[in-house]
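*Asks:* Each chain is listed here by its residues.
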Amino acid sequence: DQQVKQNSPSLSVQEGRISILNCDYTNSMFDYFLWYKKYPAEGPTFLISISSIKDKNEDGRFTVFLNKSAKHLSLHIVPSQPGDSAVYFCAASAEGGTSYGKLTFGQGTILTVHP
Amino acid sequence: GAGVSQSPSNKVTEKGKDVELRCDPISGHTALYWYRQRLGQGLEFLIYFQGNSAPDKSGLPSDRFSAERTGESVSTLTIQRTQQEDSAVYLCASSQRSVLYGYTFGSGTRLTVV
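Residue numbers (our numbering), protein chains in the order written: chain A, 1 to 115; chain B, 1 to 114.
It is possible that part of the hints are untrue.
With beta-carbon atoms standing in for the labels, derived distance ranges [to be verified]: (1) R64(B) <-> I53(A): 37 to 43 Å; (2) H72(A) <-> A2(B): 32 to 38 Å; (3) P9(A) <-> Y101(B): 27 to 33 Å.
FYI, nobody ran anything at the bench for these hints, they're computed from the structure.
Predicted model only: the values in this text are computed from it and were never measured.
Glycine residues also receive a C-beta, built at the ideal position from the N, C-alpha and C atoms.
Chain A on its own, in the form it takes in the complex (with noise of 0.2 Å):
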C-alpha cells in the first residue's frame, strides 16, 4: 500500500531549465509534505516542506507546490544546475497522529541535470 508516490524514476533536464517533479498521494490525513534530496553513498537532507494550509512554499530556487484536491505536490528548481543532480524524495506526515513526526516516504525520482 504505497500511500506516497512519485511515478516517474527518472527525469533529465537541461541546465538552466526547470526541473518539476511530482509526487502524489493517497492519505487525506497527510499534513505535512516534505522534500528530500539525497546523493550517493549519504544520508537524504531536507530541502523544503509545505503545511497543507498553504498551496505553496518558496525558497530559493526551490518551490513546493500543494494541490489538496488533487492529493499531488511538485517541487520545481529554476534554474536547475548540474549539482542539483540527485535523488529527490517526497515525504508526508499526519502531524498530532499517534506517531507525530513519522514520514511516509515516497520511492524517489532520480535527476540528472546536464551542463
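Given the structure of chain A, go ahead and fit chain B onto it with the hints provided.
*Replies:* For chain B alone, coordinates are given in the frame of chain A:
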C-alpha cells in the same frame, strides 16, 4: 557531534547471524528514527523514539527486528537471524522540532546478507 553518526558504514554478514547497528543522534534531539532503503525502493519507516514515550514500532517488519534507545542518546537496531531480504541501507535520523522542519539523517549502514 555535528551530525548523526552511524556505525558501521558497511556490514557484510552471513545469513542466520545477528547484527547490531548503531546510531548516535545530534545532541539534544529528542526524536530518533530508523528507516531502511532496499535497492530501488523508497525509505521504509521502521521505528521511532520520542523522549520517554513508548516507541512507535509499527514499521518493524518482523520479530527478528528490535531497537533500543538509552534516554535521548545512542540507539541500536538489532536484526536477529538475518535473511537475504534484510539487505538494505539502514538510515537513522534525529530531530528536535516539528516534522515540518525535517529530520537530519545519518549516512546510513549498508547491510549485505550473503
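*Asks:* All the hints need checking, so say for each whether the structure fits it.
*Replies:* Verification of the supplied hints:
| no. | hint | result |
| --- | --- | --- |
| 1 | R64(B) <-> I53(A): 37 to 43 Å | 41 Å, holds |
| 2 | H72(A) <-> A2(B): 32 to 38 Å | 36 Å, holds |
| 3 | P9(A) <-> Y101(B): 27 to 33 Å | 28 Å, holds |
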